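Asks: Here is what each chain is made of, one letter per residue.
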Amino acid sequence: MVTLDELLQRDRKREDDGFKRKIRIGKIVKPSKRGKERIIIVPTTVEEKFIHDKPVPESEGGQGDSTGGTGEGQEGEVIGEEPLRPSEEEGEGEGGEGPGQGEGGEHELESNAYELGKSLSEDFDLPNLSNKGKKRVLSRYIYDLTDKNRGVGQVLDKKATLKQVVQTNRCLGNIPDVSDIDPTSFIISPRDLVYRILSREKDFESQAIVFFVRDYSGSMGGKTTQVVVSQHVMLYSWLLYQYEKQVETRFILHDTEAREVEDFYKYYSYKVAGGTKVVSGYKMVNDIVEKENLARDYNIFIFHGTDGDDWDTDGKEAIEELKKMLGYASRVGISIVEHTYSKSRQTEVELYLKKSEILSKQKNYIKMDVLSESSDDSRIIQGIKKLIS
Amino acid sequence: MELVSQHAKGIMEECKKRARDQGLKFDDETLEYIVTNKDMIELSPKVMIPTLYDYWVHDVQTISGKGVYELYPNNPYETVINTRPAISFYNDNNPDWLNVMIFYHVLGHIDFFQNNLFFKNTWDFDLTGKALSDKRVIARYRAEKGRWVDYVIEFARGIDNLVNYHREINNMLTFPENKKFTQVDCYFDIFLQKEKKITTNNYLKEIERYNKCKKENKKAFEAIFFEDVFIKHPEFTEFYKTKKKEARESNNEHLDVIQYIIKHSLFLKEDENKWMKSIIEIVRQTSNYFQPQIRTKIMNEGWASFWHETLFMKDERINGHEVSFAKVNAVVTAMPKLGLNPYALGLRLFSHILSMEDRGCFDLEYFMLKDEHEKKHFNKLKGTGLDYIFSVRENLCDFSFINRYIDQEFVNEHKLFVSGQRLNKARMTREYYIKSRNAQDYRQMVIDTLYHPPVISVNHEKSKQGLLYLVHKFEEKPLKKDFIENTMMGIEFLWGGPIKLETHEVAKQATSDKSYVNFWDPNYQTPESSEKEKFEWKKILYVIENRKFHKQEI
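Sequence order for the protein chains is A and B. For this note's numbering, count along the first sequence from 1 and bump the result up by 368. For this note's numbering, count along the second sequence from 1 and bump the result up by 4.
What the hints contain is simulated information worked out from the structure, not anything from laboratory work. Note that this is a predicted model, so its numbers are computed, not measured. A virtual CB, placed ideally from N, CA and C, is assigned to each residue, including glycine. Treat the hints with care, as some may be off.
[Claimed, not checked] As a list, the in silico DMTMM-like pairs of lysine to aspartate or glutamate whose alpha-carbon atoms are at most 20 Å apart:
no.: 1; chain 1: B; residue 1: Lys419; chain 2: A; residue 2: Glu443
no.: 2; chain 1: B; residue 1: Lys485; chain 2: A; residue 2: Glu443
no.: 3; chain 1: B; residue 1: Lys481; chain 2: A; residue 2: Asp421
no.: 4; chain 1: B; residue 1: Lys468; chain 2: B; residue 2: Asp452
no.: 5; chain 1: A; residue 1: Lys381; chain 2: B; residue 2: Asp154
no.: 6; chain 1: A; residue 1: Lys422; chain 2: B; residue 2: Glu285
no.: 7; chain 1: A; residue 1: Lys388; chain 2: B; residue 2: Asp486
no.: 8; chain 1: A; residue 1: Lys417; chain 2: B; residue 2: Glu285
no.: 9; chain 1: B; residue 1: Lys466; chain 2: B; residue 2: Asp486
[Unchecked claim] For the chain A half of the interface with chain B, some residues (derived, Cβ under 10 Å), not all of them:
no.: 10; residue: Arg378
no.: 11; residue: Lys381
no.: 12; residue: Glu383
no.: 13; residue: Leu524
no.: 14; residue: Gly541
no.: 15; residue: Gly590
no.: 16; residue: Ser746
no.: 17; residue: Gln750
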């Protein structure tokens with residue numbers, strides 16, 4: 369079987385031969401009712417041919433495609449509707465920025481992200497953590513009546529049992545006339561009894577805690593936020609896989625002041641019009657770690673996404689807080705997503721980080737990735753490699 | 005991948021017997037394999053042909069198929085391929101009763117593959133064997149030429165939807181058009197009738213002379229016959245030459261784009277590039293093989309579903325499993341409240357045709373009836389429905405099936421409608437509404453979903469001096485713009501010279517008469533744009549030369 373890496377390698381060669389690359393990295397997203405989704409990274413390609421297109425591109429919310437249907441109703445009658453945008457449950461700030469497909473709370477995100485992390489680790493050669501699990505692991509068991517068993521068990525599942533009984537008797541020819549069934553003549557085999565039984569499920573305590581810090585100031589509109597959030601989703605997924613789901617997350621947003629939000633949905637959707645002070649975010653992380661004494665029990669990861677803007681242009685305070693952070697963190701990763709209009713000018717954050725030489729001195733603990741706001745998924749994944757290498 | 009157990013094979017053979025009793029026809033030999041879901045995912049990019057050639061796009065599809073499977077695990081009950089013997093794939097874990105049903109379904113497919121005339125081009129050989137030898141050819145070239153083999157495959161696949169399948173199948177079913185253009189044909193069919201316009205009497209005399217000549221001189225009678233002709237009409241020699249040339253050129257017009265390139269490309273004629281021809285030909289033939297399958301999906305699935313239902317309901321092995329069967333069957337063949345399930349549609353339509361013919365509703369008598377009530381209760385008790393649907397399965401493809409048999413009776417019976425979407429600005433929602441219950445609209449809606457590649461052919465006249473001039477037949481459908489450049493670049497590579505493509509695109513959407521908002525009527529709504537949107541079209545010429553791509557209006 370050809371691996372993804374081999375395919376991508378071959379795809380790169382196309383450029384040497386004077387052809388455009390054909391493989392793109394795509395995501396499959398499975399939405400579900402409770403706003404929880406699962407994401408999987410896959411390669412995609414299109415075999416380009418001459419094919420027919422619609423005369424006009426569909427406009428958003430305009431007249432869509434006609435299709436078939438069946439059922440009652442007069443011509444012209446409305447049979448259903450769907451909202452154009454998912455409703456925003458809480459109207460804070462100026463509303464959502466994200467892709468509009470609601471991400472669920474952190475526990476829901478968890479189950480999906482694990483798979484994503486797995487495919488990231490396997491398909492993209494993301495490194496495995498070397499010292500994972502050095503902290504203690506707590507585990508406990510819970511019991512639940514979820515499994516089914518035929519013949520013996522704790523609680524009889526009456527409906528399932530009855531179904532079995534009928535099926536057995538029908539097979540035996542014991543129901544000659546389906547419109548006149550005599551249950552008293554039923555033969556009941558011991559195998560027909562279906563029970564629910566107790567099953568033991570393991571529950572672990574977390575080993576790692578990840579702080580996601582994001583600049584949500586006015587300048588972070590549109591693509592910058594999307595790039596930061598995509599990268600953070602993938603980072604989170606990778607950690608989740610590395611720690612076998614035993615990961616806790618904290619989400620911190622900052623402009624000139626920092627605040628903690630409780631779930632990923634809020635993390636990516638909030639936006640304010642304020643200015644930027646990076647230090648506020650770092651300070652909040654340090655405060656939380658100190659107050660809750662997290663450094664003792666957890667591996668701590670901190671990822672920060674910003675467009676590189678900082679009112680505090682020489683970053684004195686921010687560097688101060690960063691140094692404190694590096695005292696306990698397993699890894700600090702800073703992604704700077706540059707606006708296309710900023711050209712090649714280095715951003716403030718990038719400048720003062722380089723000036724402080726913190727990146728070279730502490731290179732095992734802090735990494736920086738600078739990418740453009742028009743980066744696609746493969747670039748984002750490359751960035752992750754950089755941040756966690 | 006392994007063969008099914010002897011027990012399951014026994015069930016299959018029993019099913020064959022009963023299916024044959026009902027009139028299905030298929031070869032004795034079939035092969036049944038058990039496959040895992042992983043096998044299925046790996047097979048599906050290869051159109052389920054295990055021996056199909058390797059190609060990186062298949063690998064990409066396999067990897068993404070695995071991703072999709074993780075999110076949407078699904079378990080196809082069966083897949084049948086049109087080979088000799090027919091091969092079908094199954095899951096490991098089906099109970100016997102389910103296998104009975106699935107086997108009937110599979111036999112329906114096999115019957116369809118082996119009797120529907122659109123498949124005639126696939127009847128004389130076994131694809132698994134042919135594909136295997138193709139695969140080896142490609143593997144051998146790949147060892148020699150490396151990734152250039154994959155470029156050739158890619159570029160050939162870029163135009164593999166332009167194969168002239170209908171012409172090919174027509175030649176097979178009727179008589180070959182490209183037979184030799186002989187002197188005799190030319191003399192009698194064209195020269196005497198159209199050029200000399202001689203009288204019928206004289207024409208018959210000439211034929212008589214020809215027959216006499218044939219009888220008297222066994223060998224070389226033609227030469228003797230034409231000796232006289234040449235004396236009488238010295239201009240005939242020249243006439244025949246020009247006509248023959250014309251015929252040859254018109255033959256060129258019948259070549260599809262791939263054939264034309266293989267035949268006329270100067271690039272492919274060069275010694276070091278000759279190997280590419282065989283790869284291009286493999287791609288073309290593979291595409292042609294699958295053409296009938298794409299064009300009979302609704303019928304094929306409908307036919308198989310019709311027979312698994314009919315046969316299994318009569319089978320005593322269903323006892324005790326009626327409910328389970330009903331569940332499985334409903335999932336496969338339910339008509340969705342919104343949307344189109346082509347398989348369910350095919351099944352309904354076959355049943356509809358059966359009962360219509362049983363009642364004699366395809367007769368003139370019914371057609372002439374005006375009274376709805378009489379129409380509803382019309383029944384000549386003809387009982388010929390079964391024979392009728394067998395001939396439908398033999399002679400029709402999806403288009404003719406849908407176009408001929410979706411009638412108002414069918415739409416009414418199943419409460420079908422065409423649904424539309426529109427914006428409700430007041431509620432900020434997208435509404436789905438019943439657009440039409442008219443059979444004609446429904447038919448058109450289904451037809452619009454059918455496979456219909458653009459008709460693009462080579463203009464031989466304009467293809468001069470190394471240029472290849474392609475013409476896209478105008479059907480009020482533009483080409484997908486994003487794909488044009490890369491596709492043309494592929495053709496340029498194979499052709500070895502500049503390419504021009506003539507097509508149409510929308511100049512602008514003709515604006516309907518401005519309607520003014522009626523402020524007097526509170527219930528007034530802005531009228532929706534009229535059903536048939538009108539467009540103004542302009543002719544466009546795409547040109548690619550030395551990988552430089554541009555377009556111009558003409």
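Asks: It remains to establish, for every hint, whether it holds in the given structure.
Replies: Status of the hints after comparison with the structure:
1. Lys419(B) <-> Glu443(A): Given that 20 Å is the threshold and the Cα spacing comes to 11 Å, the pair holds.
2. Lys485(B) <-> Glu443(A): violated, 36 Å
3. Lys481(B) <-> Asp421(A): Between Lys481(B) and Asp421(A) the Cα gap is close to 6 Å, so the pair holds against 20 Å.
4. Lys468(B) <-> Asp452(B): violated, 37 Å
5. Lys381(A) <-> Asp154(B): holds, 12 Å
6. Lys422(A) <-> Glu285(B): Violated - the C-alpha atoms of Glu285(B) and Lys422(A) are around 31 Å apart, more than 20 Å.
7. Lys388(A) <-> Asp486(B): Distance ~13 Å between Lys388(A) and Asp486(B) Cα, so the pair holds.
8. Lys417(A) <-> Glu285(B): OK: Lys417(A) and Glu285(B) at ~17 Å, within 20 Å.
9. Lys466(B) <-> Asp486(B): violated, 26 Å
10. Arg378: Status holds, d = 7 Å.
11. Lys381: holds, 7 Å
12. Glu383: Violated, because the Cβ-Cβ distance from Glu383(A) to chain B comes to roughly 12 Å (cut-off 10 Å).
13. Leu524: violated, 21 Å
14. Gly541: holds, 7 Å
15. Gly590: violated, 22 Å
16. Ser746: The hint is violated - Ser746(A) has no Cβ within 10 Å of chain B, the shortest such distance being about 14 Å.
17. Gln750: At about 19 Å, which exceeds the 10 Å cut-off, the nearest Cβ of chain B leaves the hint on Gln750(A) violated.
Consistency with the previously given hints fails for numbers 2, 4, 6, 9, 12, 13, 15, 16, 17, ordered from lowest to highest.
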